[in-house]
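Chemist: With the hints as extra help, turn the sequences into a complete structure.
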Amino acid sequence: MSDLPNREAFFSNIDHSIPTAKDWMDTLPVDIRKGIACYAGNPKSLEYVGLPNPRTWSCFDEDWQLPENWQQILHEGFKERLEKFRSFKVFMDICVRCGACADKCHFFIGTGDPKNMPVLRAELLRSVYRNDFTRVGKLLGKIGGARPMSLEVLREWWYYLFQCTECRRCSVFCPYGIDTAEITIMGRELLNLIGLNIDWIATPVANCYRTGNHLGIQPHAFKDMLEFFVEDIEDITGVNCMPQFQKKGADILFITPSGDVFADPGTYTCMGYLMLFQFLKEKYGLDITWSTYASEGGNFGFFTSHEMMKRLNAKMYAEAKRLGVKWILGGECGHMWRVINQYMDTMNGPADFLEVPVNPITGTRFENARSTKMVHITEFTADLIQHNKLDLDPSRNDHLKVTFHDSCNPSRGMGLFEEPRYVIRNVCNHFYDMPRNTIRESTFCCGSGAGLNAGEDMELRMAGGLPRANAVKTVHEQHGVNTLACICAIDRAALPPLMEYWVPGVEVTGVHEMVANALNLPGQNERETDLRGEELPQLEE
Amino acid sequence: MGLDKLLRKKKATIVRRWFDVVVDTYPVDTRRFLKSQQDPFANPVGRTTMTGLKHLYDGIVEGMDRETAATHLDPIIRIRAVQDFTPAMAVAFVLDLKNVVKSVCNEELQRGDALPEWLRFEHRVDALALTGFDIYMSCREKIFQLKADNERTRVMQTFARAGLLKIEPEADANSGAK
Ligand code: SF4
Ligand code: SF4
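Heads up: the sequence lines are chains A and B, in that order.
Using this note's numbering, read the first sequence as starting at 1 and increasing by one per residue.
Using this note's numbering, read the second sequence as starting at 542 and increasing by one per residue.
Any given hint could be a false lead.
[Stated by the list, open to error] A few chain A residues that face chain B, going by a derived Cβ cut-off under 7 Å, partial list only: (1) 67; (2) 267; (3) 349; (4) 455; (5) 462; (6) 467.
[Unchecked claim] Mimicking DSS-like on lysine-lysine, the simulated pairs with C-alpha atoms at most 27 Å apart in a straight line are: (7) B:688 - A:473; (8) A:473 - B:595; (9) A:310 - A:79; (10) A:44 - A:34; (11) B:643 - B:595; (12) A:473 - B:683; (13) B:595 - B:550; (14) B:576 - A:473; (15) A:326 - A:283; (16) A:44 - B:688; (17) B:683 - A:34; (18) B:643 - B:688; (19) B:576 - B:550; (20) A:248 - A:281; (21) B:550 - B:688; (22) A:321 - A:223; (23) B:643 - A:34; (24) A:310 - A:248; (25) A:401 - B:683; (26) B:576 - B:639; (27) A:248 - A:223; (28) A:310 - A:89; (29) A:247 - A:223; (30) A:79 - A:34.
Derived from the structure by calculation, the hints contain no laboratory data.
Keep in mind the model is a prediction, meaning the values are calculated, not measured.
Even glycine gets a Cβ: it sits at the ideal position worked out from N, Cα and C.
Modeler: The structure is reproduced here in structure tokens:
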């Protein structure tokens, strides 16, 4: 017989603590693991935007160099927010612990860590809330689900509030509509009060404040990059698609996430926008302008605090006003749309100086954007296709077998389900949806949203992205799907590594990259390659 | 009855217990979910593990080549390689199959004539465990490669492609991230 030690003996010296069902509060201290946690915010970035307690520190250190009165700061910050945000107060009070949300979070499903159940994530704050602000909590203590804030609790907050992508999937299943994302948002806002932030958020925020985009790219480089795309497009199609920059009096201002301008494969989506606008200019005289000042649709302020989100968002309306455009067209972005639909109007609006968006080519009035004055590009393109205004040859996408990832924010944050699918079906011939409980309002997050798309937390990103990847794998195996389309710049950055790890052989694309590959430009040469420079299927024989 | 025959007959019990052993490597609150949720999209960890174990068990009993073994083992190890496990814990479940079989087929194994079949069975499990370590290592290497090739690097590459930046070979992809 085998002389291997039995498994108990084998594992006796391996430390693997297991939290038990009832006593989740007894599992402290939490072991902050490499591969899960992110690096701390660079002090220079914090200083630049006036965030508190800038210093060099690491979450793996013993001493986090907190301000002496950090507990008081958190308590007062908590109190202020309970008074200011009614939803926050309600969410603290009404959870009945029914557990309906427990297994709906991709981070719980992928990591298997029970503290990633949304209900426990919310309990992080709720337990302190009960202790600090309710009589029952004060009286009963732990039995009443209450506990005082301590260094150990703080570490737990930090660890698990940065294992939530604020995707809102859990809220879809909660009978009370409790939105754990909102609780995470508040929790992170509180952490920021004592200087606890991650660099992948803090530095883009500082950059965006300084130069208008997350990467800190200056206007001339932004312009250089677009001009480089123009050259590339001309090589491929023979058509010059030079855009207009900050043109005063243009009809429409176009704003997209900078990821589309600066990182592959988003860059091909960006080329797609340029080609679509060129087509519409030639055919129908569309007057649209880009801005090197409003050069970022994304808003990492959203992952920092309401105040920071407002500051960074303000440039959109400010630039629209300065240029005197009628309305704003927005590119394929994720959280930008949640900020726009949920907050922009009340934060920086009302934008009375803009008009209710009307598509100048079809005459369609976008009533849904009556208040924000901002239209999503897939709504715009779907409207053009519906009115037969585009000249499309979908066979140029025949080598693609496409599925569509509903990004959390456009789907759950604004209900954008049909338009992207309608566009995809019109520009390519092979489209296969993933299983129903993984798409539309039930979509699984990419696992890297809300500022978590760093490099150092790759294990977390892969585990959190597992439910999404698992559904892609199914259509890959069943239908030979080789292309994962999305309408979010973070997705375009986050999904390629996710596919590389879980479903090799599936490429990531933006929807407007496929639009442009199918679009016949007036005066174009015979197309030999797609925008990525790869030979087109009809030509390979 | 010979051991092989018995292993075939008791397949359902053995695979179920083997699955339980794997599930027991997860925290208590997670186990119930992994066992009870049958939808493969709501519970990819549980369902992938169950499917993989079934195929692996068949392969061990009937014999399979290394490539087939890797095909069925890869999805399970790939998951465990990004979860909170040490390398040993990520792979040890393969060896646990021996204990499961020992407890289910205890009586038969006491008989001397079961030895040759048991040795062959054991050998196959050991070989599978070694394959598991290879897979685990390749998963970890992939993770490290993805860490190095993060978004910041890809931005630099895009700039280089546009001729706006020259990437120095020694440039640290993570500079700035502390
Ligand atoms: S918002 Fe998303 S990531 Fe956060 S707890 Fe809910 S399901 Fe999980
Ligand atoms: S589903 Fe809603 S009420 Fe039920 S535990 Fe989750 S947050 Fe609480």
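Chemist: Each of the hints needs a verdict: does it hold here or not?
Modeler: These are the hints, each one checked on the structure:
1. 67: Violated. Min distance 21 Å.
2. 267: 6 Å, holds
3. 349: 32 Å, violated
4. 455: Since chain B brings a Cβ to about 3 Å from residue 455 of chain A, closer than 7 Å, the hint holds.
5. 462: The hint holds - residue 462 of chain A has a Cβ within 7 Å of chain B, the shortest such distance being about 4 Å.
6. 467: This interface hint holds because 6 Å falls under the 7 Å limit.
7. B:688 - A:473: 22 Å, holds
8. A:473 - B:595: 20 Å, holds
9. A:310 - A:79: 21 Å, holds
10. A:44 - A:34: 24 Å, holds
11. B:643 - B:595: 18 Å, holds
12. A:473 - B:683: 18 Å, holds
13. B:595 - B:550: 14 Å, holds
14. B:576 - A:473: The given pair, whose Cα atoms are some 22 Å apart, holds under the 27 Å limit.
15. A:326 - A:283: 20 Å, holds
16. A:44 - B:688: 24 Å, holds
17. B:683 - A:34: 16 Å, holds
18. B:643 - B:688: 42 Å, violated
19. B:576 - B:550: 23 Å, holds
20. A:248 - A:281: 17 Å, holds
21. B:550 - B:688: Violated. Residue 550 of chain B to residue 688 of chain B sits at ~46 Å, over the 27 Å cutoff.
22. A:321 - A:223: OK: residue 321 of chain A and residue 223 of chain A at ~21 Å, within 27 Å.
23. B:643 - A:34: Answer violated: residue 643 of chain B to residue 34 of chain A is near 38 Å, above 27 Å.
24. A:310 - A:248: Within the cut-off at roughly 25 Å; holds.
25. A:401 - B:683: Cα-Cα ~26 Å, so holds.
26. B:576 - B:639: Distance of about 21 Å is within 27 Å: holds.
27. A:248 - A:223: 17 Å, holds
28. A:310 - A:89: Holds, because 22 Å separates the two Cα atoms, which is no more than 27 Å.
29. A:247 - A:223: Holds: residue 247 of chain A and residue 223 of chain A sit about 14 Å apart, inside 27 Å.
30. A:79 - A:34: Violated, at roughly 33 Å.
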